[in-house]
Structure formats: structure tokens, C-alpha cells
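*Asks:* Here's the letter readout for the chains.
Number of protein chains: 2
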Amino acid sequence: MATLKTPLCDLLGIDLPIIQAPMAGGPTTPELVAAVSNAGALGSFGFAYMQPEAMQRDVELARVRTSAPLGVNLFLSKDADAIDAAAQQPALDAVRPYFAELGLPAPQPVKPPYSPDRRSQLAAIDAIKPAVFTFHLGDTGPAPVAHLRASGIKVGGSATCVAEARHLEALGVDFIIAQGGEAGGHRGTYLRDPYQAMTGTLALVRLIVKAVRVPVVAAGGIMDGAGIAAVLALGAQGAQLGTAFVPCTESGASAVHKQAILTAQEDDTVITEKFSGKPARGIVNRYVREMQDSPTLAFPAQNALTGALRSAAAKAGKSEFVSLWAGQAAPLARALSAAELVATLRDETLEALDRLRSLG
Amino acid sequence: MATLKTPLCDLLGIDLPIIQAPMAGGPTTPELVAAVSNAGALGSFGFAYMQPEAMQRDVELARVRTSAPLGVNLFLSKDADAIDAAAQQPALDAVRPYFAELGLPAPQPVKPPYSPDRRSQLAAIDAIKPAVFTFHLGDTGPAPVAHLRASGIKVGGSATCVAEARHLEALGVDFIIAQGGEAGGHRGTYLRDPYQAMTGTLALVRLIVKAVRVPVVAAGGIMDGAGIAAVLALGAQGAQLGTAFVPCTESGASAVHKQAILTAQEDDTVITEKFSGKPARGIVNRYVREMQDSPTLAFPAQNALTGALRSAAAKAGKSEFVSLWAGQAAPLARALSAAELVATLRDETLEALDRLRSLG
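Quick note, the sequences are listed as chains B and Y, same order. Taken in order, the first sequence gives residues 137 to 496; the numbers are from the working numbering. Taken in order, the second sequence gives residues 137 to 496; the numbers are from the working numbering.
Any given hint could turn out to be false.
Pairs count within a copy or across copies, as identical chains cannot be separated in the list.
[To be verified] DSSO-like, lysine-lysine: derived pairs with alpha carbons at most 30 Å apart:
# : residue 1 : residue 2
1 : 394       : 346
2 : 141       : 346
3 : 214       : 454
4 : 290       : 247
5 : 214       : 141
6 : 290       : 451
By construction, these hints were calculated from the structure, which means they are not laboratory data.
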């Protein structure tokens, strides 16, 4: 029988070398994650902005729907220092007109903590004991990795350059996600200038596969089975797809976000820090264009500041003020259920491998 | 017997789906091009800056060494308008210290024509009748394409975005080279902002394969057989490799250029307009760093202006002032003869396809 199992699949306990990317901020509902895992890929939660109680609740809701392995992801960046109210004024002034345009109260200085406490989030992971824990922005020491691995969790980290891949290997991770320049959402860069660590997926995956001994998962620009077959050819043992899952029926992404991806051109995306304070790839809109030279707060304070704007805009169907995270291959996105998408990806990958059989 | 032939190979009359990229400015000697073609791939001349007589001479020298198909390439960008001497002063002032440091006479205003006449170059292609003609920066009408194709030449053009690929297909080309963001040397962008048309190879190739009906050749970040197998999985019918061939024994690239590629890190490259006036990817050096905010002339006047500097620096072994064109996967480069490299690429591609057989 046709199989796509790689050694990484055995390590993570999944049938297909496909990971649904853990997208923070909405898309990864329990319904999406459970449907992906039930279909034989790895469903994953993006818990970067979520409090421990909400993390536990979402995982419980998913576990009602599936007994298959699940992944969870955190951002492990250092928390921003407190920014006093006066120093926030330029950033507040920059977004004030948009708040007014949406009929929102004027933005107020944001107060720390700007995001959930990392230590409490890690403690929640410990309690949840997901099959797989991955982290982004990994400027953490080896202790959390060793601790979680000791309890049987498989741990993976994101690298955007060879130096980060080597660093993650030294931290003791089970596998490395090579995040190429095409990828949507936040750049995982933590050792370099994120604007310089923009190597394309094809080049980056091959370089990292040659540089480390742990399994590599490719991310960035993969939207169909041909893309999955391509990264397997590069020596990756799995493919992580985010943008492809955003328009899924079960995804919690806003309707404007789904619609923007389903109608995007490949050169519509840009890297912007204007929503969260850290560079992330999304579809360019009025907010990104107009804010280009405007002051912003450091991550994650800027994310806290723009939260009300983004959610009110999404509710009002105004894509101009929503963070439309998307990778460069967004035009290949399809509106399917998660189960249909995973089955399609599997069939397409097998077809692509079949096509290659006529060669060599 | 194992074969890697795609329909494009039959169209171009080659055994392997591999094109040695036509790199202008030195690397593509008759010895390199002939050795590549003799090994079953397509050797190609980068004639962008060459006068018709020199083009003809180089092709004759290659044809003494091989009867296999050869490719030639031109830049078809519009010629820059004449720039008067006074308007050139800021750009001259910017490079003056480097000329002095190398003991060169002070730079003088450059006079048009800044590069060989495009019409005469096209007439030379007509006379040479190469098996394959490819062009870069293709803002040309359909007439030259139709004329050359009518004489039996297979014509290909470079696209850096889907819009350019569709435009090239409408021009009537036989095939399209999808130049991803990883690629070294000049960006072929001609319909868009080159800094926005930076989609990674994995995403771009798949998007263009789905958008056009003509065969697609992938370029950018491909350095070994795993990379070739990957782009074949994406539906490309061939791979064009430039950086991989720069360090070849027969390559005319300077010793400092070869050495820079053989010792590069993957995040050492940047896009710069400072050497030629058009954006191109190369390994960052002192000139690129220091010139970052300095004025430059339009392409190709800036190329004419910096010519003496680049060649004196290369001769003196000073990589600081040489255009070190290279793609993002440069660290995978190997110092081999062209025949050894092509044979290695073939063997590695077959191995990669074999590895994929254990799946699916």
C-alpha cells in the first residue's frame, strides 16, 4: 500500500509527513487541529498569545474529537521591557486615526505584561503533555527543551538560517523546522537580523539538511503535494503548511483573512512589523502601506496595542486593518475542509512521486 | 538505462535537464560552455556586455570543442538615456576614493553607448544561430522572439513573477526560466518593482508551472542533485544553475569570486544596485556596505563606470571591490571541473529520485 511515512512520522506518531502550522491569533481552533490529526497529519495549536487556562481548554476540546497526536507551539522570545506611557505616545498617535475610523475609543498606553507569561505557558505545556511541542523565536536555554523531552514530548524548533539550526541542534531538539523566506506569519529569526535571514525555502532546507543530523521539516511556500514532494527530495522528512490551512472550513481565521488569501497574487505579500512589533509576512493592505514609516512599539507591546483595531476590523469585514498573514504561494490556496485538504495533499504528493518515477 | 530526460530536453536537444546559467561578465568562457554541453547539459554564454564580434569569436571557440547544442543569453533591457557629465558627478564622487585606493586614475564621466547595441547583438544571434537563445529583462516586443524562432532557435525568457511568465508566454517563447529570490546575479524583473518580485524559488516555480502551458526551467538556490529533483517534483522540466558553475576549473570568474563562493555563508548575500545600476544578488563586501546610501548611475552606465574598479580589484586579489555574484545556496558550491560537476549533478539527481522511491 502506498505510504508517505518518513522516520519523522514514526517519531511523531503520524501517518503523513505533513504538519499543519501552529498559527497564533485565531486560525488554529480545536476543530481544525483535531480534524487535521484525524486525517493523519499533525494538527497544531498556535498558543503564542494564549493564557494557560485557554491553552488547556482548547487542547481538551480537541482531545474530545481525536486521540491522535497533537502539536502545540509557543513563541519563546524574551518579554519586552515595560515601556512607559510617554514613550508610547508616537506609536499611539500613529494608530489613532484608524481607531477613530472604526469608531473605537482612542488607543490607550498598553500595560505589561504585554503577552502571557512564558513560564506559565511552559508549565501548561508540561501539564498538557502534547505529543509534540514546537517553538518559534527560540532564544531560550537548553533547560526547557530537556525538561519537556524528559516527559516524552517530542520537541522541535524553528530556524531561519544555518546558524539557528546548529544552535537548535545543540539545544537538543528532536527536529528542526526550516522556515524559508516564502513563509507567511512571523519570521522565527532569533540570532540574526530577520531581514537578512530571508533565504528561500529551497535553498534553506537543503543547507540545513546538510548542516544538522536531526530530522528537518520544511516550511514556506508549500501549498500542495508537488511542494511536499519537492521538500522530501531536498531531504526534509516533513512539510509544515500554514497558509494552505487558513481557508479551511474549521479554521478560526476571519472571513476577510480567508478571502484575502483566496484572491491573493504571489507578489502581494510583504514583511511588516507594524501589527506586532516583529517582522511577519502578510498580504499588503492599507494599514501596512500607510504605517510603513510610522513608529511602533516593541514586540509584543505593539501586538497588544493593535489588538482592538484588528479584531474590530475583522468583525466589520474591513481587511484594511487586519493582519492578513500569508506566504508567497498563497494563490495556490483552496477552500476545503481540513480532512479534504489533507487527503488532497496526500494524493497529490503520491501523484508527484509517481510522475518522478518516469525519470531516473 | 537511467535517464533524466524531460520533454524540454528533447526540445533543446540535450540529455540532462540542466542548464549552466549564462552568467555575464566573465565566468562563461568557451571552455566552460563547451565542457558543460559535452557533458550532456546545456552550456550557455552570458553575452550581455559583449560586442557582436566577441560573441561570434567565443561561440566559434566553443564550437571547435563541441558539436552539442549551446545557449546564448542577452539582457534586453531598454538602453539608458545619455547622462550628462555634470549629472554624473555625485556617482563619480562616490566611487572616487576606491579608484584612488587601488591606484587607478580618477573616474571620468562615462559616455554612451554604455553597453553594446542591442540590435547589433540580436543580429549576431541571428548569424550565430545557437540552439538556444534566452533573454533576461525582457521588455521587448514579440518581433525578435518570432524572428529568431523562425530560424529554428529555441527561445526562452526569464520571469521573476507570474505576471512576467504570462507576458513571456504571450510573446511566444518556447520556455520560461522562473528565477526565484535565491538566485545570484541580476534580477530579471522587468514588469514589477524588483525588490517586491522576490518570491522564493519553491513558491515561484510551482506558481508559474500552474500559470503557463510552456515548459518551465527553475533557477535560484539549486546547487546539487537534490535541488534538481526538487524542482522536477514541482513540475519544472529543467534546472538552471549559475553559482554552482562559478568555481569550475574552466570558469572565467576571478580567483577572488571563486574563493568568495567557496567560503560563503548562506546569509552573506544581498541584493545591490551599486555595481551595475540594476539589482543583483551577490556576496556582501566592503564596497556594497559602504556604498549603500551613495548615488549611482542608471543601468548600464553604472556598470561602465565601475568596470575599471572591478577588474583592477579582481587582478589585485581584492575582493572588497569585486561584484561577487552568488545565490543563497552558495555554501553548497564545489570546486570541480565542469564535466565532473555535471556528472555529479546527474548522479545526485538519480540518487534523490531513488530515495523518493522508498516512499509512495
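*Asks:* Which holds for residue 290 with residue 247 at a C-alpha limit of 30 Å: within a copy, between copies, both or neither?
*Replies:* Neither: 35 Å inside a chain and 64 Å across chains, both beyond 30 Å.
*Asks:* Please work out whether the CA atoms of residue 214 and residue 141 approach to 30 Å or closer within one copy, between two copies, in both situations, or in neither?
*Replies:* neither (36 Å within a copy, 52 Å between copies)
*Asks:* If the cutoff is 30 Å on CA atoms, where do residue 141 and residue 346 land: within, between, both or neither? Let me know, please.
*Replies:* both (21 Å within a copy, 27 Å between copies)
*Asks:* For residue 214 and residue 454, with the copy left unspecified, which applies at a CA distance of at most 30 Å: within, between, both, or neither?
*Replies:* Cα proximity of residue 214 and residue 454: none, with 32 Å in one copy and 41 Å across.
*Asks:* Have a look at residue 394 and residue 346 and pick one of within, between, both or neither, based on CA distance no larger than 30 Å.
*Replies:* Classified as between; 21 Å across copies, 36 Å inside a copy.
*Asks:* At most 30 Å between alpha carbons: which applies to residue 290 and residue 451, within, between, both or neither?
*Replies:* So residue 290 and residue 451 fail the 30 Å test inside a copy (37 Å) and across (54 Å) alike.
The structure fails to meet hints 3, 4, 5 and 6 from the earlier list, while all remaining hints are met.
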